[in-house]
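J.: As a plain string of letters, each chain reads:
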Amino acid sequence: MTDAVATREGLRVVGQPVVRHDARDKVAAATAYAADWALPGMLYAAVLRSPYPAARIVRLDTAKAAAMAGVAVVLTAKDVPRNTLSTDVPGQTTAVGPLRATLHVLAEGRVRHQGEPVALVAAETLELAHAAVETIEIEYEPTAGVFSPEAALAPGAPAVHGPGNLLAQWRIARGDVTTALRDAAVVVEGEYTTQMVDAAYLEPESGVAWIDSDGVITIRLSTQVIEHFRDVAEVLQVPQNRVRVIGTYLGGGFGGKEDVTVEAYLGLLALKTGRPVKMVWTRHESLLSRAKRHPYRLRYRTGANARGEIVAQQIELLGDAGAYAYLSALVLLYSTVTAAGPYRVPAVEVDARVAYTNNPPTSAMRGFGAMQTVFAYESQLDRVARALGVDPVMIRRVNALRRGDTLPVGQVIETHVALPELAERAWSALGPPTQPRAAHVRVGRGLSCNFQPYGRIVWLHDWASAWLGFEMDGSLVVRCGCPDVGGGQASSLCQIAAEVLGVSLARISVHVSDSALTPLAGTTTASRQLYMSGNAVLKTARELRAQLLGVAGALLGADADALDMEDDQVVTTDGRTLAIPRLLAECARAGVARSHLGVYHAPAGEPVDLAKGSGKVFPDYTFGAHAAEVEVDTETGVVRVLRFAAAHDVGRAINPQSVEGQIQGGAVQGLGYGLMEEVVLDRGINLTTSFATYLIPTAADVPDVRAVVVESGEGLGPFNARGIGEPPIGPPAAAIANAIEHATGVRITRLPITAERVARGLGLLD
Amino acid sequence: MAPETLDDALGLLRRHGDEAKVLAGGQSLIPILHYRLARPRVVIDINALPLADIALDDGRIGIGALVRYHQLEESEALAGRCPVLGEAARLIGNVRVRTLGTVGGSLVHGDPAAELPAVMTALDARIAVASASGRRAVAAREFFTGPLTTALAPDEIVTGIEVAALPAHGAAVEELSRRAGDFAIVAVVALVSLDRRGHVEEARVAFGGVADRPVHARAAEDALRGREPSAETLARAAHAARDALAPPSDAFVSGAYRRHVAGVLCRRALTRAVERARR
Amino acid sequence: MIARLVLNGRPREVDVRPNETLLELLRDTLGVFDAKEGCDEGVCGVCTVLLDRRPVSACLVLAAGVRGRAVLTLRGLERDGGLHPLQEAFVKHGAVQCGFCTPGMLLTTLAFLERQPRPDREAIRAALEGNLCRCTGYTKIVDAVEAYVRGHD
Numbered sequence: 001m002t003d004a005v006a007t008r009e010g011l012r013v014v015g016q017p018v019v020r021h022d023a024r025d026k027v028a029a030a031t032a033y034a035a036d037w038a039l040p041g042m043l044y045a046a047v048l049r050s051p052y053p054a055a056r057i058v059r060l061d062t063a064k065a066a067a068m069a070g071v072a073v074v075l076t077a078k079d080v081p082r083n084t085l086s087t088d089v090p091g092q093t094t095a096v097g098p099l100r101a102t103l104h105v106l107a108e109g110r111v112r113h114q115g116e117p118v119a120l121v122a123a124e125t126l127e128l129a130h131a132a133v134e135t136i137e138i139e140y141e142p143t144a145g146v147f148s149p150e151a152a153l154a155p156g157a158p159a160v161h162g163p164g165n166l167l168a169q170w171r172i173a174r175g176d177v178t179t180a181l182r183d184a185a186v187v188v189e190g191e192y193t194t195q196m197v198d199a200a201y202l203e204p205e206s207g208v209a210w211i212d213s214d215g216v217i218t219i220r221l222s223t224q225v226i227e228h229f230r231d232v233a234e235v236l237q238v239p240q241n242r243v244r245v246i247g248t249y250l251g252g253g254f255g256g257k258e259d260v261t262v263e264a265y266l267g268l269l270a271l272k273t274g275r276p277v278k279m280v281w282t283r284h285e286s287l288l289s290r291a292k293r294h295p296y297r298l299r300y301r302t303g304a305n306a307r308g309e310i311v312a313q314q315i316e317l318l319g320d321a322g323a324y325a326y327l328s329a330l331v332l333l334y335s336t337v338t339a340a341g342p343y344r345v346p347a348v349e350v351d352a353r354v355a356y357t358n359n360p361p362t363s364a365m366r367g368f369g370a371m372q373t374v375f376a377y378e379s380q381l382d383r384v385a386r387a388l389g390v391d392p393v394m395i396r397r398v399n400a401l402r403r404g405d406t407l408p409v410g411q412v413i414e415t416h417v418a419l420p421e422l423a424e425r426a427w428s429a430l431g432p433p434t435q436p437r438a439a440h441v442r443v444g445r446g447l448s449c450n451f452q453p454y455g456r457i458v459w460l461h462d463w464a465s466a467w468l469g470f471e472m473d474g475s476l477v478v479r480c481g482c483p484d485v486g487g488g489q490a491s492s493l494c495q496i497a498a499e500v501l502g503v504s505l506a507r508i509s510v511h512v513s514d515s516a517l518t519p520l521a522g523t524t525t526a527s528r529q530l531y532m533s534g535n536a537v538l539k540t541a542r543e544l545r546a547q548l549l550g551v552a553g554a555l556l557g558a559d560a561d562a563l564d565m566e567d568d569q570v571v572t573t574d575g576r577t578l579a580i581p582r583l584l585a586e587c588a589r590a591g592v593a594r595s596h597l598g599v600y601h602a603p604a605g606e607p608v609d610l611a612k613g614s615g616k617v618f619p620d621y622t623f624g625a626h627a628a629e630v631e632v633d634t635e636t637g638v639v640r641v642l643r644f645a646a647a648h649d650v651g652r653a654i655n656p657q658s659v660e661g662q663i664q665g666g667a668v669q670g671l672g673y674g675l676m677e678e679v680v681l682d683r684g685i686n687l688t689t690s691f692a693t694y695l696i697p698t699a700a701d702v703p704d705v706r707a708v709v710v711e712s713g714e715g716l717g718p719f720n721a722r723g724i725g726e727p728p729i730g731p732p733a734a735a736i737a738n739a740i741e742h743a744t745g746v747r748i749t750r751l752p753i754t755a756e757r758v759a760r761g762l763g764l765l766d
Numbered sequence: 001m002a003p004e005t006l007d008d009a010l011g012l013l014r015r016h017g018d019e020a021k022v023l024a025g026g027q028s029l030i031p032i033l034h035y036r037l038a039r040p041r042v043v044i045d046i047n048a049l050p051l052a053d054i055a056l057d058d059g060r061i062g063i064g065a066l067v068r069y070h071q072l073e074e075s076e077a078l079a080g081r082c083p084v085l086g087e088a089a090r091l092i093g094n095v096r097v098r099t100l101g102t103v104g105g106s107l108v109h110g111d112p113a114a115e116l117p118a119v120m121t122a123l124d125a126r127i128a129v130a131s132a133s134g135r136r137a138v139a140a141r142e143f144f145t146g147p148l149t150t151a152l153a154p155d156e157i158v159t160g161i162e163v164a165a166l167p168a169h170g171a172a173v174e175e176l177s178r179r180a181g182d183f184a185i186v187a188v189v190a191l192v193s194l195d196r197r198g199h200v201e202e203a204r205v206a207f208g209g210v211a212d213r214p215v216h217a218r219a220a221e222d223a224l225r226g227r228e229p230s231a232e233t234l235a236r237a238a239h240a241a242r243d244a245l246a247p248p249s250d251a252f253v254s255g256a257y258r259r260h261v262a263g264v265l266c267r268r269a270l271t272r273a274v275e276r277a278r279r
Numbered sequence: 001m002i003a004r005l006v007l008n009g010r011p012r013e014v015d016v017r018p019n020e021t022l023l024e025l026l027r028d029t030l031g032v033f034d035a036k037e038g039c040d041e042g043v044c045g046v047c048t049v050l051l052d053r054r055p056v057s058a059c060l061v062l063a064a065g066v067r068g069r070a071v072l073t074l075r076g077l078e079r080d081g082g083l084h085p086l087q088e089a090f091v092k093h094g095a096v097q098c099g100f101c102t103p104g105m106l107l108t109t110l111a112f113l114e115r116q117p118r119p120d121r122e123a124i125r126a127a128l129e130g131n132l133c134r135c136t137g138y139t140k141i142v143d144a145v146e147a148y149v150r151g152h153d
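First to last, the sequence lines map onto chains A, B and C. Residue numbering for the first sequence follows the numbering used here, starting at 1 and increasing by one per position. Residue numbering for the second sequence follows the numbering used here, starting at 1 and increasing by one per position. Residue numbering for the third sequence follows the numbering used here, starting at 1 and increasing by one per position.
Think of the hints as simulated: they come from the structure by calculation, not from any bench. No false leads were slipped in.
Some chain A residues well away from chain C (every beta-carbon gap over 10 Å; in silico):
#1 185
#2 441
#3 507
#4 547
#5 606
Here's a subset of chain C near chain A, in silico, CB distances under 8 Å, partners left out:
#6 41
#7 43
#8 46
#9 75
#10 103
#11 125
#12 126
#13 129
#14 136
Calculated from the model, a selection of chain A residues having no Cβ within reach of chain B, i.e. all distances over 10 Å:
#15 86
#16 110
#17 158
#18 176
#19 212
#20 238
#21 391
#22 571
#23 589
#24 605
#25 614
#26 749
Backbone N, C-alpha and C fix where the C-beta goes; we use that ideal spot for every residue, glycine too.
Just chain A, same shape as in the assembly (with noise of 0.2 Å):
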């Protein structure tokens, strides 16, 4: 097998940037999301809800609504088979105990946050499931909550679920930290505050259910995770094999749709009612209780000599991991091995916790807690650069960790890193400074750097797989499980497989995301799958190319390493060529297969005590850096930006529009997550439950972003490939931030950077 492939030189469709088959079919609206889609005798499902962030259940009595004329069934816990949705989170530190997430499919005696689901029903219509739910009676009696971590870890707090409410804890320490910071040349305190934000997809969560003529429970969703197939056979105490997901093209999911959301209600009402299930949540039911982004509470003490290099980094963080544990523990790990930033740090402390609360549960969030440090740690970085009179490019110079340096916990960075690089591109893609346009409007500039790890963490031993096969006229058919979240994942693989096999991407028709019928290849989170499926499609690729090769070496008379596929046929050095479905008659009378399924295991290790910093915790990460321009109106405290650029090492770009899109996308949600997103909550009560209160940037709020893609072709994904779903969400909030202080001297601290706090920082208000 020939590693000819890899060189860039000789690639000739990974690298372009093809035409992804999906974006036809959305424009044609050929496309058909989970919502889009009946069937015969569908029934409509609608969830009764706890208005409550905290209550025990005194009464529940589902019996009117149960006999309403068109409702086919009302139920509550006591009708699922095993009430539990359970997580255990492995490598959790012992000070809190092994972890088990536990939360319940429907809640049993009593709520714990606002939205919390108490029952299901299922009716004719939507209108009369409605009515069904307004007509379940239901007697709470609401119980003292709490609703910040502080409270919540207060003593003699009300425990959500155990005493104490602390869910997790993660600490580093390395070297000498107070020696360091006392021996500094200066030393920046900061408090940052993060807020709680949505996802806030376009697409709600939605899907279709039904029993199909095997008696297999299918059900056909928006998801990240097709593997969720498990956990709803666990639900409905049936064979794991006799559930199906099928996971439809997402309208969007940036971890919101990587935990259960709709399909352990759907196995359920078609389980019980023998018929079809539709079930939409409404834009107003997704944004009160689905899970979001951890809201933290960052506390730096960031010492550096006189030259800018940082000599310690003291970091407290706390998070509020809402009501149910989810994937809690875990985001806080990632904060944790990111708190120190992409830098060379020598001594380092981090302690961080995160706490129950009764607010909204969180959980994945693109970024997955290794986002919100980066506010925290560029804003640290810039300060410490004014302090000492040194430049913001320069400071990350001079400070960038390069391959060989030691991240506080342990592992080694093996790869190019490419920060110096790409901090001075951003910066000069911002082109010449802009004038102020009036007197009372000031221009400034920032930049900011993150790293984001990609692939999962290196203990959970992650796997993909992929199943590739030619029909009898040299068509091509590619199946694997991955979940296609919009970002092209199901294209990418086409382009892999075009790369590999020669075969045009005209000829080749994909299959994505059926748990019973394409090969399992995990989740389409943590910046993963390209890594993951890539890969795997890739080795299945060059291995059913050998299979394949070693039958036309045979009928051309040549070696098979000398022989390349391209143009839809085999070639010989010499110019002979050989059509695939020549050579694939062939191995149909010689008996060697025309397909093939392949496995690929990424690198695994061993869990990491992460207080000792003995090791690796993600394979690899993508480095990045942006630079904002923005105008401060000094008499108001509206922020416009008016220049972005996002500049990323992407190790290689196999679709390089697709790497612009995911940039350009990513900054602009980073761009509302720093300028107007937020989940306000009063007392647990969500006040913003509509798109008219949350509020995500539209075309007019932002400016072009000039995607700026770097390959070192260093990166551990196919061709040299790194994630690239996450790392563009990071930078945009502190790029503002330190952008602020630059056109106005004011340091904003807490997200997002509304109008109102610009002008309270100016002093207008006083």
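Guided by the hints, dock chains B and C onto chain A, whose structure is given.
T.: Chains B and C alone, transformed into the frame defined by chain A:
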């Protein structure tokens, strides 16, 4: 129910009263129905009524209740005679709201942060109201009585607005919102006309978003009348307007911020209005 | 109640319920899924359709209210079984990621260009401010519209 004449509509309204809701553009009513915040037994769809005219004669401006926001934006006649209407309409909601939303609907909804109630207050418009018992006109400055509350009785419909002849003037709308295209945190509407000496002959100023209803900024108008509109005078007038306000705080924006911004935007609106009046 | 309308150029006769929205009529009764459901209150734009050539939120229009009028959804753009050049531009310039906002973006753009055929990038952004997108960050959508405008000069 979709009556074709005004009298039919008024008859239906008289008959069904509290159990009926009137449907025009639907941009406010349909979400209310959808979220079951109101459950009227009867919906009276008035879109077929002949109330969609923009009439300009003798200097008077008459705008039918069913005139859509986009018509205000696109009317060349209005652009010549009273450009503030188009300027305000352009700021309302999004393009889809502007296709269907109506002038009457905005006034009846009475959102204290909305642009048109503030514009009508500034213009000192008269709002034409009809019921089965007869017709009346209510001054815009008295029409809005509280948050989402107006002087309209349950059996009445707004049929249009009328603005008496305006002197030659310059006008401006200034708005601050959390995001482009959102409802306003604070909005200011200002019209200024100058006499032959270039002094302020007349000023009309109103705010939206600073109270439970649009606010007519009398203090600002008094501070301008007869004076030369220097930067200092305009600033003083804006401060006078601001000082008369005590905006409420909510979970998103504080009253202190609204008050400060009201002063800034008022000064800016007056400045632009004066510039335009001078042309 | 029977209502007659023209849907994507073809006359249709449908039975509408009094409270039914145009979005429900399209999706639940007629099986036309081009217009999506995103927020139920006309803010997000994924339910955008053209009513007599102007964009409206189908979730905020009563089905009964479109009697006698022309409704255009995305598949109404089809030309001889092929894509409209604006659809081609979106595909070519990477303006489609998850695609949920795409039908609304396309229809809003076409209606806008009828009134303002030669907008600059800023005007394009202002025209699309009522259509939310969570995936692309808007830059490539503006690129696609700009390319389409240039191609039509």
